[in-house]
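There are 2 protein chains.
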Amino acid sequence: RYFHFCKLPGRVKGIRLLRFTSVVIIVLLLVAGALTALLPSIKDDKMPNLRREPKTQSQSALDAFTLIMQTYNRTDLLLKLLNHYQAIPHLHKVIVVWNNIGEKIPEEMWNSLGPHPVPVVFKVQTVNRMRNRLQNFPELETKAVLMMDDDTLVSAHDLTFAFSVWQQFPEQIVGFVPRKHISTPSGVYSYGSFELQSPGFGNGDQYSMVLIGAAFFHSGYLEDFQRQSEAVYALIDETQNCDDIAMNFLVAKHTGKPSGVFVKPVDIRNLEKDTNSGYSGMWHRAEHLLQRSYCVNKLVNIYDGMPLKYSNIMISQFGFPNYANHKNKM
Amino acid sequence: RYFHFCKLPGRVKGIRLLRFTSVVIIVLLLVAGALTALLPSIKDDKMPNLRREPKTQSQSALDAFTLIMQTYNRTDLLLKLLNHYQAIPHLHKVIVVWNNIGEKIPEEMWNSLGPHPVPVVFKVQTVNRMRNRLQNFPELETKAVLMMDDDTLVSAHDLTFAFSVWQQFPEQIVGFVPRKHISTPSGVYSYGSFELQSPGFGNGDQYSMVLIGAAFFHSGYLEDFQRQSEAVYALIDETQNCDDIAMNFLVAKHTGKPSGVFVKPVDIRNLEKDTNSGYSGMWHRAEHLLQRSYCVNKLVNIYDGMPLKYSNIMISQFGFPNYANHKNKM
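Those protein sequence lines, which keep their order, are chains A and B. With full-length UniProt numbering applied, the first sequence corresponds to residues 1 to 330, in that order. With full-length UniProt numbering applied, the second sequence corresponds to residues 1 to 330, in that order.
Any given hint could turn out to be false.
Said to hold, decoys possible - List of simulated lysine-lysine pairs, BS3-like, C-alpha gap at most 30 Å:
{"hint": "1", "chain 1": "A", "residue 1": "Lys273", "chain 2": "A", "residue 2": "Lys80"}
{"hint": "2", "chain 1": "B", "residue 1": "Lys104", "chain 2": "A", "residue 2": "Lys257"}
{"hint": "3", "chain 1": "B", "residue 1": "Lys257", "chain 2": "A", "residue 2": "Lys257"}
{"hint": "4", "chain 1": "B", "residue 1": "Lys273", "chain 2": "B", "residue 2": "Lys309"}
{"hint": "5", "chain 1": "B", "residue 1": "Lys104", "chain 2": "B", "residue 2": "Lys93"}
{"hint": "6", "chain 1": "A", "residue 1": "Lys309", "chain 2": "B", "residue 2": "Lys257"}
{"hint": "7", "chain 1": "B", "residue 1": "Lys257", "chain 2": "A", "residue 2": "Lys253"}
{"hint": "8", "chain 1": "B", "residue 1": "Lys104", "chain 2": "B", "residue 2": "Lys80"}
{"hint": "9", "chain 1": "B", "residue 1": "Lys273", "chain 2": "A", "residue 2": "Lys257"}
{"hint": "10", "chain 1": "B", "residue 1": "Lys273", "chain 2": "B", "residue 2": "Lys123"}
None of these hints come from the bench; they were simulated from the model.
When you get a sec, could you build the whole thing from the sequences and use the hints?
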């Protein structure tokens, strides 16, 4: 209809019609392409893990996780733990962050006692810093990271279950040690655990952080940590503390949800007393807890607000260790 | 450039160019409209509750739920339960589905013993049918529905917590009674509970359904149930059973996730023995369990596949009833 006014022989009209049609089709394709390009980007917001999947990722790496363990002054414990974690299902690789500056890594001894099912990479550091473990290590091939302190042992069952939970909550920190902040009337925040009760919160309790010393989280967050402000790094280095609080701020800000999902551990143990070094962890320092409240308030200034959100959810494995775990009076 | 071959006076060429441009623009707008129309529908899949929010919804109705209780032959228990549920926080309204055909509703007595904090609406039915409770009642003003059997009592704490869990999983059935299907080597499915062990599933257990006799779910699913195939209604009416299995199929199909989230109840009780009618529930019939396996297999045929997915997650309230609920050996 658009051409009836163009007086021309049918042939030419035909050609023009043809060209016109092809123009419209090309335009359609372009617009369609442009607009459908929006869909993935929306999907990304919901599933950061898709966006972040490393190119190099092998098929096996998709259903697996990497254990990152930072160690300082506890090589005997480290080897004990490395032996334990070798047997964990879905473990793809172990990255040991070696904070014993100038000290030789036990790689030779480790290899001499091989073979080991899971490769262990020792990352020698030049400075003994708390946040060394939060690097975006090139050896990291999995979406899932399991970060463990070098004095903590969690049972294979707990880890296997928690990994399956993380796969359902890949945006959040899924771990075994919940903590919370409390806002006081003065507007200053306190950091603590069950001993702090949320004002006006009746039955039950809440948490607003899950510590990364025994937790699964998305490797993409290590990438994000590299883009934190200098003020955040300065705070962590000044205190040699609070890197885990900073990660909870980062995740809460990214998701708009509670940063963590608490999985109730069936068997988690602190092996600190078993070390021959007699070294006892940073958290024994008198100032440890005070530092952590200090960090929460500093981070609120840096973030210009409090991104942490409360959760009251505790997850356990259905039917484990026995059916009693969900028996009721019915 | 497309028109240089069309020998015509400039004016006409101008007009044609004008018309051509407008055609392209119109086409662009149409395509843009059509394609951007996709975006909300994708959003809908993720958040059905947004799409389904009733227009009439009052502000209070946003953070509240409606209790739907179907009753048959247990008016004494019904009144006892109505009294109990009156005190539940966030309860907006109670809808009693009156399956005592031809029997007078106890509205007078109920009102004579008022005032009551929460309105109770009696919906008189003309046929005693299991699926009467799955109507999209016009009195329903909340997104959240709590459906309870008329012989089951759940504590206020359990309900308040489960409602907060549902608000975090609004697409799923959040309830207190998990069940599962097992696929046998013959390809025939069995229905059951903890007594059925998933083949090759080592530690712990799984569930693939959460029964709606004690559960929260989205009112939008009552709307969806009205669009189920006749075969589904026929199956439910023929067996006077399985409406809850059908709802789990519907939700699993809609979300692509496990249909239910199991909340471990602290206090749930069956009051059946307390009724003077001596009436005992349908589930005592010898054929009850057989019927339910039969229904699972029938629904798989109707759905041309098995939409149910397994979950191993059990949710409890953090720090309730006491801190021991998350103490560990650490």
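How the hints compare with the structure:
1. Lys273/A with Lys80/A: With a Cα-Cα distance of about 13 Å, the restraint between Lys273/A and Lys80/A holds, given a limit of 30 Å.
2. Lys104/B with Lys257/A: Distance of about 49 Å is beyond 30 Å: violated.
3. Lys257/B with Lys257/A: Holds, at about 20 Å.
4. Lys273/B with Lys309/B: violated (34 Å)
5. Lys104/B with Lys93/B: Holds: Lys104/B and Lys93/B sit about 21 Å apart, inside 30 Å.
6. Lys309/A with Lys257/B: With a Cα-Cα distance of about 25 Å, the restraint between Lys309/A and Lys257/B holds, given a limit of 30 Å.
7. Lys257/B with Lys253/A: The given pair, whose Cα atoms are some 26 Å apart, holds under the 30 Å limit.
8. Lys104/B with Lys80/B: Holds: Lys104/B and Lys80/B sit about 18 Å apart, inside 30 Å.
9. Lys273/B with Lys257/A: Violated, because 44 Å separates the two Cα atoms, which is more than 30 Å.
10. Lys273/B with Lys123/B: holds (25 Å)
The structure is inconsistent with the numbered hints 2, 4 and 9, although it conforms to all the rest.
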